[in-house]
Amino acid sequence: MRWLINLWKTLNKPAQYLTLGAVSVTAFLMGVIFWGGFNTVLEATNTEEFCISCHSMQSKPYQELQKTVHWSNHSGVRATCPDCHVPHNWSRKIARKIEASSDVWGWLFNTVNTSEKFEDKRLEMATREWGRFERDDSLACKGCHDYKSMKWDSMSKLAQKQMKRAAERDQSCVDCHKGIAHTLPDIGTARAPELIAEVGTGPSKFDDNAIYFSSLTKPIYLNERTDVEAGTLNIATKVTILATKGSRIKIAIAGWRKKMGAGRVVYLDFGINMLLVQLEKFAALEDGVIVGFEQKEDDLTGLKWQRVEVEVWTDADYLIDQQQPLWDYARTTFRSSCSVCHSQPDEAHFDANTWPGMFQGMIAFVDMDQDTQALVQKYLQQHSSTFVKEKH
Amino acid sequence: MNRRDFLKGLLSTSYVVISGASVLAPLSALAKSAARINDDWLTTGSHFGAFKIKRKNGVIDQVKPFDSDKYPTDMINGIRGLVYNPSRVRYPMVRLDFLLKGHQSDTTKRGDFRFVRVTWDKALGLFKDSLDQIQTNYGPSALHAGQTGWRATGQLHSSTSHMQRAVGMHGNFVKKIGDYSTGAGQTILPYILGSTEVYAQGTSWPLILEQSKTIILWANDPYKNLQVGWNAETHEAYEYLAQLKQLVKAGKIRVISIDPVATKTQNYLGCEQIYVNPQTDVPLMLAIAHELYTNDLHDKEFIEGYSLGFERFVPYLMGTDDGVEKTAKWAAAITGVNEEVIKDLAATMAGGRTQMLMGWCIQRQQHGEQPYWMAAVLATMLGQIGLPGGGISYGHHYSGIGVPSSGAAAPGGFPRNLDEGKKPLFDNNDFKGASKTIPVARWIDAILEPGKVIDANGAKVTYPDIKMMVFSGNNPWNHHQDRNRMKLAFQKLECVVTVDINWTATCRFSDIVLPACTTLERNDIDIYGSYANRGLLAMQKMVEPLFDSLSDFEIFTRFAALLGREKEYTRGMTEFDWLKKLYNDCKSANDGKFKMPEFEQFWQDGYVHFGKGKVWTRHADFRADPEINPLGTPSGLIEIFSRKIDRYNYDDCKGHPMWMEKSERSHGGPGSDKYPVWMQSCHPDKRLHSQMCESQEYRETYTVKGREPVYLNPVDAQDRGIKDGDIVRVFNDRGQLLAGAVVSDHFPRGVIRIEEGAWYGPVGDDGSVAGGANIGAICSYGDPNTLTQDIGTSKLAQACSAYTCLVNYEKFRGKVPSVSSFNGPIEVKL
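Residue numbers (the working numbering), protein chains in the order written: chain A, 441 to 832; chain B, 80 to 909.
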């Protein structure tokens, strides 16, 4: 320990023989050498070679990238790992590097060294990256893709509509374009991924009294805390925001129900079987969840209907401010999926209450996930002869 | 070259494809190299199943069933003949008078079968000019390109998609709604059970075999009909039928076939039969309902909780509203079923788990909505809907319905519609007040009576004034009724264009005929099992397109080029680009659920297997919670009485099911004094509709003196001096045909069978082919639709009524004409 104390004493002594200049120059030179080395290492860790030098990066994300347009395209421009995953801004880059040191840990302890382990972790890793993109408004994407330079005319109508809306708000690219360079994780967001990619997941903050539309079929709850599901909010349903608490929002839905059973299914309008909300029995019977108003008998079935308002809680996600993008997506899906075997009938060929029967009778032939099925059925009903009067 | 090297080669080839500028060359090289390696047995599929094919000197030599197909159809013996047969359309051809005079041609000569060979350019040019004229002179209401049919399998080359996309780029046109197979069923059942039912997946066979005590086959012959499927058929359902046969033998399940004839299924299973007079199924059902009701055997709780309107049906059942109580005695007189048998049947059905399996025949008759509706009422009264092995199915004889589904996603197809935002060249949507969509079986009516307004499914349909028809992979001169009426209608058409593999009767009555190649002459992809989704099948090209034939993709790409829209049509992709796209889209849809190799590996293997499925019970969710899982009916419940239909105020389809007398009916019914015999024209045993009739060697295994068999009752035949093997003339006021007698006690008195799909081959009185154009000409081969009547089932469905048909027959003593169906046209050289 003595040598340490001696060293300390030496260093602590003011310079007696060296000039201030010499000290400064030496310090500067040492700084240059250190800085150079640091940057060299930094740059070395910023190359694709470095990224894929570890097996788990090479075997999964790198392979997946090679199947995408970011790897191979008409113009020959290629995005490498750091282009997207390392921020171009210096301070963020350093922060990212410090954050990424956990990868070394992962490498050391074989966290994702097998395909199974990787898949188990995929969601966690992807969520982290999506979060980062969201925080900096997808700055890495915008290094190459600029809203201002987009040629609207060469886009499809649907793409134009979506992109213009996104451009107006300088929206983060990854809000919609998830899973474009690597395989999408198999999770909740993997529900109807194409649909969500088109219409987005919606904002995370909501204004009271504003109108939104569900972009997936969502679970609903009786308060902001419970995990006990009280039922489901059907896709493309109009809701009014009543309050926000943490990650939950309170919503109101206006509709009609049949006076049968527990009366726990709410439809769009009197005598029209367009689904809005399904409640569990306990929830339907809970005070204040469904408020009933006037009743009428539907002459076509002899069933009594009642106008109602429902107030429930749901997670503050998958609610978007316009209904049209949902219909646009449904229309395209209907026309392509339902014309493989025969020409699809015109939307207005049947009325709103006939479409579910026709649609459900053919669904065995069509590959649609539950959400898309529910959306297309609702689209057909909304654009049926009940609402659209034209000769067909 | 070993397998590993080959695969490496493939990968590098495909890499070039992705990054290289010339896409076409490496892909065709890929196709060729894959074919060379596979030269022993290549894989392909069809409506008739999947199989392996071996070639010899560039010619298809042997065909054997796919490895996993344990119950291949006998029709596999006809596959080779689909490619090599004298009926093939070899060159683009144009009807002589049309070539000379175009839209002013003498249409009474339509069907005289005189055609002139032209080049593809000429034929496609004429096609486009005709469309131009029609759109310019009349607008879209004069063009009907929506009459589509069974096509050949393959998701990329699906003929109707190509035709409608290409013609759609030119202009708008009239379309159809519904189909000939299930027109009445698919229209009535959404009102009653909330879905078309006919095309919906049904309760899995293993559950039926495990739970059912009684199975009712009502006018249903699954053993015959499951041989073919909408996509490549797996024939897995036959395994369950084999098990059922054992269960019947062991006395564990009682199977009762309710049918006028002893069906193929009945003969296979060795099950019971209850004979019923043709077209009288509704009275029999009513009597069973009456038995259930009066003996308190109906499930009141189920009726109360799951259905609506029973109380409005009971007065009809008990006769308090029309004075006729629908007793077993009443029904016995109409149906020919003994009173005691009816009572026993009702008790049996109520006495345990009973699965009703309905066939489609009984809805292809006048008032065909009624037996389907009444059967649903019976099933509701039994209260077993939604239970495994109970309730009712309308599809267990079709495309493997009831075989558990793997749940995998199937590949999509070539787009039928224009791409988003694209407009046709003639962007005119003025249908002049006429309907854009007409019920499928009413198009001949429309041609004959344009402007007429009819009732259809609660709406009014105004017939458009049709001047031109375009068909592709579709043979309405098989599936439509009443040939002589069709001839009259076709004389009113200015132009008819048909794209087909063979000289079908539809080609004969066309002006421009374009040769498509068969599935074995192009590359494609298909799902294995329409409902089972058992796997993905490569349909590998075996031989180059014969003669001047082209793939549907190629034909309509060339057509689109005439419109200057070739790139838009193909989206700049080749056949192989499309196959890869369809495969890769399917791969991503199955991602995480079903493993699929890269496309090149799939194409090499010929197959991807998705594994077995899980068993499932139809309507179980509805039974578990009708509030959350309502049916698609107006009320969400089973509608025994439909106020919606009642409000239509139709005289031939009212608020609840009922017995209505037919315009013609055998066994003492209307018209039976003049024509005493009912003709059954069911789906064929050895064809898919009219497909494979052209397969000559195979056809010769079942024809009688070269004619389609007519199955006759022994006593009836003897009365008319007819022996097995005689040529018989079958006739009524609508037409006449020749067929070959097969005498069999499977057929009761007053009933004959001629299977539909027999190719129409009209000949003149002098036996000439050209004379076939004449109204009333005899059919030399035996097409039953020469005799059937062209009326709608009712104002509701307006579907076809082929099964309401009376005829008589005699031994043919005249000079026997040659069969004119299969040798193509009379080629005229200009």
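Everything labelled a hint here was simulated from the structure, so no lab data went into it.
Ideal Cβ positions, reconstructed from N, Cα and C, are used throughout, including at glycine.
It cannot be assumed that every hint is accurate.
Unchecked claim - Taking lysine-lysine and the BS3-like style, the derived pairs with C-alpha atoms no more than 25 Å apart in a straight line are:
1. LYS829/A with LYS874/B
2. LYS733/B with LYS531/B
3. LYS784/B with LYS561/A
4. LYS699/A with LYS645/A
5. LYS201/B with LYS500/A
6. LYS131/B with LYS829/A
7. LYS201/B with LYS908/B
Claimed, not checked - Not everything, but these chain A residues come out facing chain B in the computed CB check (under 8 Å):
8. VAL526
9. ALA702
10. ARG704
11. LEU740
12. GLN746
13. SER779
14. PRO796
15. MET802
Comparing the hints with the structure gives:
no.: 1; hint: LYS829/A with LYS874/B; in the structure: holds, 22 Å
no.: 2; hint: LYS733/B with LYS531/B; in the structure: holds, 23 Å
no.: 3; hint: LYS784/B with LYS561/A; in the structure: violated, 72 Å
no.: 4; hint: LYS699/A with LYS645/A; in the structure: violated, 36 Å
no.: 5; hint: LYS201/B with LYS500/A; in the structure: violated, 54 Å
no.: 6; hint: LYS131/B with LYS829/A; in the structure: violated, 53 Å
no.: 7; hint: LYS201/B with LYS908/B; in the structure: holds, 15 Å
no.: 8; hint: VAL526; in the structure: violated, 26 Å
no.: 9; hint: ALA702; in the structure: holds, 7 Å
no.: 10; hint: ARG704; in the structure: holds, 6 Å
no.: 11; hint: LEU740; in the structure: holds, 5 Å
no.: 12; hint: GLN746; in the structure: violated, 14 Å
no.: 13; hint: SER779; in the structure: holds, 4 Å
no.: 14; hint: PRO796; in the structure: holds, 4 Å
no.: 15; hint: MET802; in the structure: holds, 6 Å
The structure shown violates the earlier hints numbered 3, 4, 5, 6, 8 and 12.
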